[in-house]
Amino acid sequence: MGSSTATQSSSSYDLSFKILLIGDSGVGKSSLLLSFISNAVDDITPTIGVDFKIKTLTVGGKRLKLTIWDTAGQEKFRTLTSSYFRGAQGIILVYDVTRRDTFTNLSDVWAKEVELYCTNEDCVKMLVGNKVDRESERAVSREEGVALAKELGSLFLECSAKTRANVEQCFEELTLKIMEVPSLLEEGSTSGKKNILIQKQQQQQTTQSLSSCCS
Amino acid sequence: MVGLDVIRTDRTLVFYEKQENLSKLWDILAVYAWFDKEVSYCQGMSDLCSPMIILLDDEADAFWCFERMMKRLRKNFRATGNSVGVEAQLSNLASITQVIDPKLHQHLETLGGGNYVFAFRMLMVMFRREFSFADSLYLWEMMWSLEYDPELFFLYEEDPDLTAENSGRAKVKSIRQYGKYERENMRSGGKDAEAPLPISVFLVASVLKDKSAKLTEARGLDEVVKILNNITGNLDARKACSSAMKLHKKYLKKAANTNR
Numbered sequence: 001m002g003s004s005t006a007t008q009s010s011s012s013y014d015l016s017f018k019i020l021l022i023g024d025s026g027v028g029k030s031s032l033l034l035s036f037i038s039n040a041v042d043d044i045t046p047t048i049g050v051d052f053k054i055k056t057l058t059v060g061g062k063r064l065k066l067t068i069w070d071t072a073g074q075e076k077f078r079t080l081t082s083s084y085f086r087g088a089q090g091i092i093l094v095y096d097v098t099r100r101d102t103f104t105n106l107s108d109v110w111a112k113e114v115e116l117y118c119t120n121e122d123c124v125k126m127l128v129g130n131k132v133d134r135e136s137e138r139a140v141s142r143e144e145g146v147a148l149a150k151e152l153g154s155l156f157l158e159c160s161a162k163t164r165a166n167v168e169q170c171f172e173e174l175t176l177k178i179m180e181v182p183s184l185l186e187e188g189s190t191s192g193k194k195n196i197l198i199q200k201q202q203q204q205q206t207t208q209s210l211s212s213c214c215s
Numbered sequence: 001m002v003g004l005d006v007i008r009t010d011r012t013l014v015f016y017e018k019q020e021n022l023s024k025l026w027d028i029l030a031v032y033a034w035f036d037k038e039v040s041y042c043q044g045m046s047d048l049c050s051p052m053i054i055l056l057d058d059e060a061d062a063f064w065c066f067e068r069m070m071k072r073l074r075k076n077f078r079a080t081g082n083s084v085g086v087e088a089q090l091s092n093l094a095s096i097t098q099v100i101d102p103k104l105h106q107h108l109e110t111l112g113g114g115n116y117v118f119a120f121r122m123l124m125v126m127f128r129r130e131f132s133f134a135d136s137l138y139l140w141e142m143m144w145s146l147e148y149d150p151e152l153f154f155l156y157e158e159d160p161d162l163t164a165e166n167s168g169r170a171k172v173k174s175i176r177q178y179g180k181y182e183r184e185n186m187r188s189g190g191k192d193a194e195a196p197l198p199i200s201v202f203l204v205a206s207v208l209k210d211k212s213a214k215l216t217e218a219r220g221l222d223e224v225v226k227i228l229n230n231i232t233g234n235l236d237a238r239k240a241c242s243s244a245m246k247l248h249k250k251y252l253k254k255a256a257n258t259n260r
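So the sequence lines, in the order shown, correspond to chains A and B. Counting in full-length UniProt numbering, the final residue of the first sequence is number 215, and the numbers go up one at a time with none missing. Counting in full-length UniProt numbering, the final residue of the second sequence is number 260, and the numbers go up one at a time with none missing.
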């Protein structure tokens with residue numbers, strides 16, 4: 001019975017998008033995600049391989065289901081995590097404003113990775129500078145961030161997973177932008193429709209199996 | 001890199017509130033990276049190293065225990081060209097699943113998960129994230145003794161009264177088999193190109209098999225990952241081992257049949 005209630009709650013959305021978090025190890029990808037999902041950031045263990053979280057929210061009057069994939073940052077795992085680029089409508093490139101190398105690696109490494117593995121040409125990118133709560137340790141200026149975002153043709157925000165400043169805005173702005181792109185909107189709504197169809201079938205199946213076991 | 005991970009490994013344990021213990025973790029991982037330049041440091045190793053420091057007071061002892069453990073596992077962490085060693089284990093997992101649960105394998109392929117990356121973490125950190133701290137250590141011990149002698153686990157599982165009665169015989173038998181298996185391994189390892197599969201791969205296969213009904217209903221890779229994430233903390237080491245052993249036997253039988 002537990003599964004049927006779960007499908008009901010996940011069916012209450014109009015659009016479904018896949019979003020990917022990438023960037024160097026320790027920049028706060030998992031923290032950013034956890035901060036967005038559960039308002040709390042605990043001590044987080046390093047991500048091994050891939051993980052994901054689902055968040056439903058309402059943006060621009062539409063109920064959205066976001067499947068947000070979180071990846072391991074270490075270089076060795078790149079070929080493994082690259083298979084998760086497929087079908088993503090949005091990609092968030094994260095760096096740590098207190099560690100300059102994580103910023104330079106975005107253009108040197110991660111942006112190229114996106115070009116190479118992202119199957120979706122219209123895919124919306126967003127550059128995010130995390131850990132702005134540690135202002136005194138800042139090593140990358142806001143202006144530099146803006147400039148790189150321009151160069152990459154991506155959105156830009158600075159945030160703090162710890163204080164939750166700008167965290168929600170980050171995901172909202174990205175999804176709003178995705179919804180402006182007709183091809184992505186189409187992808188998001190077909191996966192939404194498919195989802196409802198499958199659920200109807202499943203509901204029929206469960207009622208059938210229920211009646212058969214009663215008889 | 002080591003420093004980044006040391007401060008976020010097992011932080012829920014009181015043990016690592018002490019700076020002194022964190023330093024040990026840093027030392028051992030840093031020395032290992034220098035010691036084994038080919039592997040250096042790779043994420044996941046801090047999860048494997050942490051228990052050694054908790055179990056062994058002496059830092060040098062902990063290092064050498066970790067080093068021995070890495071002798072078994074370093075292949076997983078070694079990067080060659082564009083791939084990590086663990087990918088070989090993932091493809092082993094794929095062929096095992098194909099044999100013991102073809103329907104599930106087919107389904108996973110259709111979902112685009114034929115590379116089994118979703119099982120990556122289980123193999124990489126030897127189920128440390130899936131089991132509790134104590135359970136994962138229990139599991140490790142069992143795995144290692146199993147790999148030494150596949151019958152040992154069943155000896156432990158026998159009725160305690162029964163084993164007490166036949167303890168003399170059972171002991172002799174187990175020692176003899178233990179040597180035999182080792183010798184057999186060395187013999188076949190020299191000739192056969194294929195090294196024997198580690199039990200960890202069968203453990204993952206047993207987890208997949210156990211969740212097979214749910215997994216074959218999954219509509220996307222996200223659901224596959226979700227189902228596997230839900231097992232975290234709910235796994236029984238003993239059960240997992242015995243079903244891995246059963247699968248191993250089944251696999252060997254089927255593989256032998258197809259070779260005939």
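Hints were generated in silico from the structure; no laboratory data involved. Some hints could be false.
What the hints assert, rightly or not - Straight-line alpha carbon distances no greater than 16 Å define the calculated EDC-like cross-link-like pairs of lysine to aspartate or glutamate that follow: (1) A:Lys53 / B:Asp101; (2) A:Lys76 / B:Glu223; (3) A:Lys55 / B:Asp222; (4) A:Lys55 / A:Glu137; (5) A:Lys177 / A:Asp122; (6) B:Lys71 / B:Asp36; (7) A:Lys76 / B:Glu87.
This one's a predicted model, so the numbers in the text were calculated from it and none came from an experiment.
Quickly compare the C-alpha distance for A:Lys55 and B:Asp222 to 16 Å and report which way the hint goes. 13 Å, holds
For the pair supplied as a hint, A:Lys76 and B:Glu223, is the alpha-carbon distance within the 16 Å limit? 26 Å, violated
When you check the alpha-carbon spacing of A:Lys53 and B:Asp101, does it fall within 16 Å? 28 Å, violated
Does B:Glu87 sit within 16 Å of A:Lys76, going by the straight-line distance between their CA atoms? 11 Å, holds
B:Lys71 and B:Asp36 were given as a pair; does the straight-line alpha-carbon distance stay at or below 16 Å? Cα-Cα ~10 Å, so holds.
Has the given pair, A:Lys55 with A:Glu137, been kept, meaning a C-alpha gap of at most 16 Å? At roughly 32 Å apart (the allowed maximum being 16 Å), A:Glu137 and A:Lys55 break the hint.
For the pair we were handed, A:Lys177 and A:Asp122, check the Cα-Cα distance against 16 Å. 11 Å, holds
Comparing the model with each earlier hint shows violations of hints 1, 2 and 4; every other hint is respected.
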